[in-house]
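K.L.:
One-letter residues, chain by chain:
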Amino acid sequence: MITLSSYLVISTILFLAGIVVMIARKNIVAILLGIELILNASALNFVAYTKFVNQNLDGHIFPLFIIIVAAAEAAVGLAIVIRFYQIRESIHIDDATQLQS
Amino acid sequence: MNETIVTYFAKFEWYKSLVKALTEMLGFNAEPLMVFLFFFLAAFIVVNVMAVTAGLATYAERKISADLQLRMGPNRVGPYGLIQFLADGVKFIMKEGIIPKSADKFLFTLAPILCLAGVLGSLTVVPYSSGFILSDLDIGLFFLIGISSLVGLGIFLGGYASNSKWAMLGGMRAAAQIISYEIPVVISGLSCVLLAGGLSFTTLIEAQTGFPQGWFVFHNPFTFIGFFVFFIGGLAETNRAPFDLPEAESELVSGYHTEYSGMRFAFFALAEYIEVFVVSGVAVALFLGGYNVPFGLGGDGILGQFLQLGAFFSKTLALYYVVIWFRWTLPRLRVDHLMTLCWKYLTPIAIFNLIGTGFWLYGFEGKSLFELLFKSGAAAAGGGH
Amino acid sequence: MFGNILFLVSALFSVLGAVGVVATKNIMHACVYLLMSLIGVAGLYLTLGADFVAATQLVVYVGGVVILMVFAVMLTGGADSQKSNRFGIKKTPMMGSIGTYIAGGISAILASYIVIFRLLPKVFEAQPVNSTMAFDKTVEKIGMLLVSDHVLAFEISSVLLLGALVGAAVIARPKRN
Amino acid sequence: MDYTVGSVAPIVLLPFFAFAINAFIVKRFTKTAVGISCLAIFGSLLYSLAIFKDFVFGQYATNYYIHKVFTWFDLGPSFKLNMGIYIDNLTAVMLLMVSGCAFLIHIFSTYYMADDIRFGRFFVYMSLFTSAMLGLVVSDNLLGMFIFWEIMGFCSYSLIGHYYEKEEAGAASIKAFMTTRVGDVFFLLGIVMVWHTVARATGEGSVALVDIYKVLAMGGFDNLTLWGFPLVTCAALAIFMGTIGKSAQFPLQVWLPDAMMGPTPCSALIHAATMVAAGVFLSLRIYPLLEAGNLTTFVAYIGAITAFGAATIALVQTDLKAVLAYSTISQLGYMVLGIGVGAYNAAFMHLITHAVFKACLFLSAGSVIHSLHDHHTHAHVQEMPRMGGLRKKMPLTFLAMMCCTLAISGIPFFSGFVSKDRILGDALLRALDDGGALWGPAVLGFVAAFLTAFYMFRMMFLTFFGNPKDQELYDHTHVEKLSWNRNVPLLVLTLFTLGFWYSGSFTGQKLVKFPVIKKEWFQTLIEKPEKSKLGRFKDLKRQEWSSVDNRDKTPLPKSSYDPNHGLSEERAHHVHHVHHIGAILSIIIAFSGVGLAYLMYVAGKLNPSWWVNKLSGWYKALQNKYYFDDFYIKGVIQKGLLKLNNLLAAFDMGIFDRFAIDGWKTINEWAFRLSGKFDDEVIDKAGVGGGPLVVKGFNVILRTLQSGKVQFYFIVIIVVLVSYIFSI
Amino acid sequence: MALEKLDVYWPILILMAFGVLAVVGALVVSKIISPQKPTELKRQAYECGEDPVGDAWALFNMRFYVIGLIFIIFDVESALMFPVVSVFKKMNEIGRGGLVLVEIVIFLFVLIAGVAYCWRKGDLDWVRSFQTPDKEKES
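Protein chains in written order, with our numbering: chain X, 1 to 101; chain D, 1001 to 1385; chain U, 2001 to 2177; chain L, 3001 to 3728; chain R, 4001 to 4139.
Everything labelled a hint here was simulated from the structure, so no lab data went into it.
Where is the CB? At the ideal position from N, CA and C, for every residue including glycine.
Heads up, none of these hints are tricks.
Computed footprint of chain L on chain X, listed as stretches where at least three residues anywhere in the stretch have a Cβ under 8 Å from a Cβ of chain L:
1) 17-23
2) 90-98
In silico DSS-like links for lysine-lysine, alpha-carbon gap of 27 Å or less:
3) D/LYS1095 / D/LYS1063
4) R/LYS4037 / D/LYS1095
5) L/LYS3166 / L/LYS3634
6) D/LYS1101 / R/LYS4037
7) X/LYS26 / L/LYS3709
8) U/LYS2137 / R/LYS4090
9) X/LYS26 / U/LYS2025
10) R/LYS4090 / U/LYS2141
11) L/LYS3709 / U/LYS2025
12) D/LYS1091 / R/LYS4031
13) U/LYS2141 / R/LYS4005
14) D/LYS1375 / R/LYS4090
15) D/LYS1016 / R/LYS4005
16) R/LYS4005 / D/LYS1011
17) R/LYS4037 / D/LYS1091
18) D/LYS1101 / R/LYS4031
19) D/LYS1011 / U/LYS2137
20) R/LYS4090 / R/LYS4005
21) D/LYS1105 / D/LYS1091
22) R/LYS4031 / D/LYS1095
23) R/LYS4121 / D/LYS1344
24) R/LYS4005 / D/LYS1020
25) L/LYS3528 / L/LYS3541
26) L/LYS3620 / L/LYS3634
27) D/LYS1105 / R/LYS4031
28) D/LYS1105 / R/LYS4037
29) L/LYS3541 / L/LYS3053
30) L/LYS3080 / L/LYS3541
31) U/LYS2025 / D/LYS1101
Kindly produce the complete structure, drawing on both the sequences and the hints.
P.N.:
Shown next as structure tokens:
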């Protein structure tokens, strides 16, 4: 029987995967991927709780806005990465330590 | 409402007797299994019908183009060359599928899968008739847009995976074109949703009547322009006719599927033709009254269903004809013209239409132009339906 | 019955996708696996009855973010150039020394302990109140909510999008040198 | 007429708005400011006329009243203050008189003050004053009256000190303010006493006239004592002290003659017609209290002494305005006498008539002074010895002044005779009935009447008749032309000094039946609020302030003139008989006064100087105004108050300062030294020294953390997150 | 009744499965049937007969990203607009259509402002075409 905890397990796995990607990979774009995974995990939790615990539909609106914010964030993040690549010729995370471009 | 084709059939007696028979036979309650079987059957039929229509489409394209250029199309294979497409199909299977050396093998094979899956996915919501819609989802149109964006990604990955300059360029342009033309399509689709007040295709179509004056395209001037924006966007989205820049033979060899051969190429082509059918089908559903049969003939009975099916297919194939017709009449657009057309003309017009429809709805309480002019007195109480 | 199958398939998709993102070397493959995972999550939304959120996930994430990711990957030197950074592999001085291995080992043990003995029990003891949820027509309900209760969020999100658009456009504008 | 707030409030508010506006624009738009204040008072006049017409001609019923109330502030059950308006026949007549006189005086002062440097400023205070006076007349409770009372006091202070360059004007304004203040303090004490008794009787404290009358009728005031004295007497006396202060009665009359320093229109309005009348109006309102506190005889004596004393001083005055000032004091004395002897109706009538002819007298005196211009001192001449024979120069002013002098001296056919004769008649009646104590006021009243006639005509003969004493000054005054703002007000006022307006008969006292006015309107309308008649106040309904009139509109029974005023037949006969005697007596006295003045100053038969050195002692006393000023200044203030001040100052400086404040200083010093030591040892050495070391240590750790490695930060975040998991 | 709530999504799964199976099946069949003689030459990227030079992935240009950016912003906008627009008809009938219309118009105008900005700044132009008559596109 599919219960709330099964969904929670999946979202934890996604969450942990997101964290590992953010920590392990050296490519900035990969880190952005990791962020997307983490955001997805949290959105999934919201929807799971809406179905199993409390029925009002705010639980759907919030993941909606998570997706929207994630999209905007991805757009701006990637623009920064591209600009960084054009300046520094590399998108290795360890090069991006100075705030000054 | 979320009915599906199975709910339509479940109403019949023989369906219930079949289920009872199966439950005795298998011991456990066979209802879900029955549902699955029916869906599988229905899906299978739909896919085959689509494949056949795609094939016929290639045949029709050749025939129409020949006709336009005063020459004979294929007439060797079968009567009047009708089963030409089967021959092509067999040919493709026989052909060797070459994977270029420095290509990314995994993505190379994944691209056609993505394309085909995207297109077939969108078939679930195409409303052939009030009963024969595979599953009328509540989020019909919105789901369709989501799934069909897979195609764009598939094409780009195809171009990227084959690691050749032509394919790369073709893939980039195709992706750029598909994603940028998706916006005008979506926004003009929005104005129809505005009129119908729901996303599922049956509500969209029920909101229109059989007679042309009930169709959304004539509902008000804004949706009228909206239809053309939608149609142009649809064309661009399926890389057809004036916008077939990505696989422009003259420039980019054959665009993103330059390196493709054999069955992978066949599926790209199949996906493309089915998508043209889907797009024109949706255009019909949104703007031209979908499966509505004039004089309210379409009903629940089998005959009613088939009449609706006929109405839907006739309208869609008419649009298909126009698409093919465009291909051999309009010259290809330059890339920056393509982009400027989309962002500087179609999108602003689409948004203007959306706001216009909104004001129209608010202003005239949802009554169509026809109602306002002719039935303003009598049917004032009716309100827009 | 179908619910379970759909759950199974989409759960598989999302988990394998996530693991794929972690495992692959090639960044483009990572993007594709992310796509797979996102589609899986969309399927999960469907099983939870949130059909509109699933569709949004499909349209926005699958249709937008992944394409953007792929474009970004293409723009930052394609897929294969990620192998080594400008200073070559030996950039991180700590690589290969015993200290890192020991530290890695300890943190791995610690992490697995935390996940297994702390996190999962919390996850499993979550008891649902009622699972019979007749979810349909969420689009209208969400529409109603968006228009009436959450109108401020709705309007502010347009401002957010405006900010993102202008910001990213300014950053992404090719330099005139 | 339906009474909403709108039909009454403008009377008070129009002049007040005029004041508010003029206060700002007077410097730059003087002409408009003057225009505004004249218009404002004209507006109030119109509204007063409307009310007068409704009350006197329309309803013509004694118990017809308007009483609208709003809660000013409500601090819970113990203190809830309601303010409001209360209009009955008394107020209607008073309103008309005040606004009428004020309007005419405003018109006159546009002529009189035209060349004054502070022309605008004068009108600002005049407007404020008129609005305060009208407010007092209209207000329904003593506290409201007290507030407007104080505003009037302030206006009189500032108007007296109009020519503040002159030292005496400043001193006079302060003196006026201080003396009236003495009276006001007691007035306030009276209000407090009344408030307390009404609160004890009806549970809710209030000084509204209606409530006072109701409590009186219920007997709430009886047998309450304050330190042994009956409370009602103390309260009545205290409030009457206010009248004494404001209307310049016997002990506190010193300020009025000096108030002549102000411009003549100001003295005309304030020190003749309205402000001083306010005191009498107040006594009229609290008459039942006086009666309950059986103070009437005391009041009568105060009135009589003031009347007689002022009249005697007026005999020897040489300054034109001084004579008029003392005549005002004596006439006020008459009114208070009238109240004292119970001639309520006559006292009020005398108040109205006196206001009219005294205003006219002051204005004409003003026009006289204004035209006599001494070229050497560039000042206006006020001394009568330098005038004479001016009737040819200023015929119109002479006519006005003559009529008013006739009126004030009590010559028949004039309003003065009608009202004063009635007061004297009633005084004589009371004297005959109640015997002993009341003979004093009656005799003093008649003698004062004789003196009034004498000094008024002395003034007339000195100024207008005979040959001019200062020829050079005489030639300079140019002949008077009929000008709208100089003579018209005078003539209008003289018109109203004729007797028949006020009394039923042409000569007053029914000697001749006048065909038009059948009934004696004044006598019937103004009803004396005796204790017995207060019953009707018990169930008096009051309305909400903003409510449109919801009184039952059924016309009240018109009170008709009953010749013997509800007295029994033979009693009425006796009263008429006595009044006849009184009338004849007063006519004889008036004419003898005129004759004596004529003999002395025109015919030259009697030589005034002979009398002067015959009674030289008295003459000097009169000159120095019975040494009242000296007594007050030297005696009361120098010896009494100053000594008290010094005593208090000594106590304050000596004891309080030395111990309370200086002592504190020593403690401070001690504490300061202690903290100084603590500061050096502990904080400087330990704290300041050790601090940087710690900071340096932390700095090293933190610097390494900020390595810029994004992923390191992320790991830190994860560690924090994990530790959080531990806590749940 | 025949269907549970979730059965509605059956066709999606089945059709997607068809898509995948068809391609994989076809590839397997073609691998069996079609000749498999991969020669070096055949496997070279097709370059009109020339031998391929350089790497295909260096040609990417910034303007594709700008297009993607604007697409995603409008994509999100349409995602937000769908529920509001589908509810407009019902709201219009109960009389509060004006309010929703105002919300939609504000929402759209804010975004149109963004697009107008990009348009004005020249981000929408696909290529700095040299014939553009107006002033050279400064940054």
